[in-house]
Each structure stands twice: as structure tokens, then as C-alpha cells.
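Undergrad: With the hints as extra help, turn the sequences into a complete structure.
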Amino acid sequence: LAKTTQPISMDSYEGQEVNITCSHNNIATNDYITWYQQFPSQGPRFIIQGYKTKVTNEVASLFIPADRKSSTLSLPRVSLSDTAVYYCLVGDDLSFQKLVFGTGTRLLVSP
Amino acid sequence: SAVISQKPSRDICQRGTSLTIQCQVDSQVTMMFWYRQQPGQSLTLIATANQGSEATYESGFVIDKFPISRPNLTFSTLTVSNMSPEDSSIYLCSVEKIGRDGYTFGSGTRLTVV
Chain A
24 LAKTTQPISM DSYEGQEVNI TCSHNNIATN DYITWYQQFP SQGPRFIIQG YKTKVTNEVA
84 SLFIPADRKS STLSLPRVSL SDTAVYYCLV GDDLSFQKLV FGTGTRLLVS P
Chain B
158 SAVISQKPSR DICQRGTSLT IQCQVDSQVT MMFWYRQQPG QSLTLIATAN QGSEATYESG
218 FVIDKFPISR PNLTFSTLTV SNMSPEDSSI YLCSVEKIGR DGYTFGSGTR LTVV
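If you're matching them up, the sequences are chains A and B in order. Counting from 1, position 4 in the first sequence corresponds to residue 27 in our numbering; the numbering is continuous, with no gaps. Counting from 1, position 10 in the second sequence corresponds to residue 167 in our numbering; the numbering is continuous, with no gaps.
Among the hints, a few may not be true.
Between beta-carbon pairs, the in silico distance windows are [claimed, not checked]:
(1) Ser238/B with Asp90/A: 41 to 49 Å
(2) Thr95/A with Thr269/B: 32 to 40 Å
(3) Thr76/A with Pro242/B: 46 to 54 Å
Partial pick of chain B residues on the chain A-facing surface, computed with a CB cut under 10 Å [unchecked claim]:
(4) Lys164
(5) Ser184
(6) Tyr192
(7) Gln198
(8) Ser216
(9) Ile220
(10) Glu253
Hints are computed from structural coordinates only; laboratory data are not their basis. None of these values were measured; they are calculated from a predicted model. A virtual CB, placed ideally from N, CA and C, is assigned to each residue, including glycine.
TA: Okay, structure coming up:
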């Protein structure tokens, strides 16, 4: 399982776009990049997953360069409710793959 | 995705006692996972529970301390045995990925040992 590195924390204001970058230099050919969000007193929640280029859903966008050694989670126009910890995970896209969580990025959105 | 009910949501326990945490899933799943999240920290996998077989424990976790049951495809329990204050953490269960929405987690059990 590839190791990931993320900033420990980030601050933003409501309405701004937030980009959280994750480094995964040892990503393997079969590995996907997945992001989870965790609010206080809740379990992590799946946000988005990608393999290459760009993926977009109703919550976020995920940008993955050609070498796949990093990825960027983009949250458009954040609100106070986006204050959470965001985890980047790298691994096979298998149903039974155990997840290995890194330190995550603690995002604080202020008014 | 699956819906997980985890009980209790929180508890305060005396040292030396044991607490059993229950995880109920609304659909049949092959794999269930138990995690620990210490205050302000990330999640650490304790063990993987496969129905009908012994749980597989990660390094640093042992069956005597964290016995796990997996009697059927929708239910699992984790027991934290002979507790000490160092066991104060949030314990979360998770199930295998279903569909394209990643893994589902329970809301966790916040355990305080006094």
C-alpha cells in the first residue's frame, strides 16, 4: 500500500475554493486514489475516487497528473459545514482491500 | 452503500472491565473491519473479520485484548477487554466496498476508561 503525505491542516473562508494536495510517490499501477471526509463524532465518508486525469462529482473534483505521484482534491466554494478532516488513500480498487489511513488534513472553514 | 448501526455510541467504563461493541449492517457483507481512532489521531486498523473464520489482527493488536465475533453476514462484535485508560478511543466498524461509493463506516463508539 502506497504511503501518502498531506498537509496537517488548512484554513479557508466561506465561498473560497479549497485545494488539498496529497503526495503518493510510490503509487502502483493498480492503485486508485480515494478521498474520505470525516466530521467530528462520525465515521469517515467516501467523497471521490479516481485513477488518472480528472474526476468530478456533486461534491468535489479530483485532479491527478500523468505521473500519478500526487493528486489534488478540490472543494468548490466551501461552507462552514465543510470543516472536517480529509483523508487521501491509495490502494487497489478491491472490495476487500483493507484501508490504511494517513494523518489526514484538518480543514477549518471560517465565516 | 450499506447502512451501519453501531452500539453503544459512547460509554464510560471502569478500568479492568470489558466492553462489547456491536456493529449491525443492513445488508450481507463478506468483510467487516474494526478500527481505533485515538483522540486527535487518524484511524488505525485493528482487525478484519470474515464470517465463519478467525479474525485477522494487525500488528500491535491481539485476540486476547480485542476478541471479535462474526456470527453471520450482517453482524460483528468487538470486545475491549481488561480496559485501561490507554484504551480510551473511538472504535469504528466498517464494511467492504459495495458499488462505487467506497467503504461505509459506522458512527463509532466513544469509549472513556476511568
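Undergrad: Now tell me, hint by hint, if it's right for this structure.
TA: Tested hints:
In this structure the hint that Ser238/B and Asp90/A lie 41 to 49 Å apart at CB holds, the actual value being about 47 Å. Between Thr95/A and Thr269/B the beta carbons are some 38 Å apart, a value that agrees with the proposed interval 32 to 40 Å. Separation of Thr76/A from Pro242/B is about 48 Å and conforms to the stated range, judged on CB atoms against 46 to 54 Å. Checking Lys164/B against chain A by beta carbon gives a least distance of about 14 Å; that is not within 10 Å, so the hint is violated.
With its C-beta approaching chain A no nearer than about 13 Å, Ser184/B sits outside the 10 Å limit, and its interface hint is violated. Contact between Tyr192/B and chain A, as hinted, is supported at the beta carbon level, the nearest pair being about 8 Å apart and thus within 10 Å. Given the 10 Å rule on beta carbons, the hint for Gln198/B holds: about 8 Å separates it from the nearest Cβ of chain A. Annotation: interface hint on Ser216/B violated; nearest CB of chain A at approximately 12 Å, more than 10 Å.
For Ile220/B, the interface hint is violated, the least distance from its beta-carbon to any beta-carbon of chain A being 17 Å, above 10 Å. The restraint placing Glu253/B at the interface with chain A holds, with a minimum CB-CB distance near 5 Å, inside the 10 Å limit.
Against the hints set out earlier in the document, violations occur for numbers 4, 5, 8, 9.
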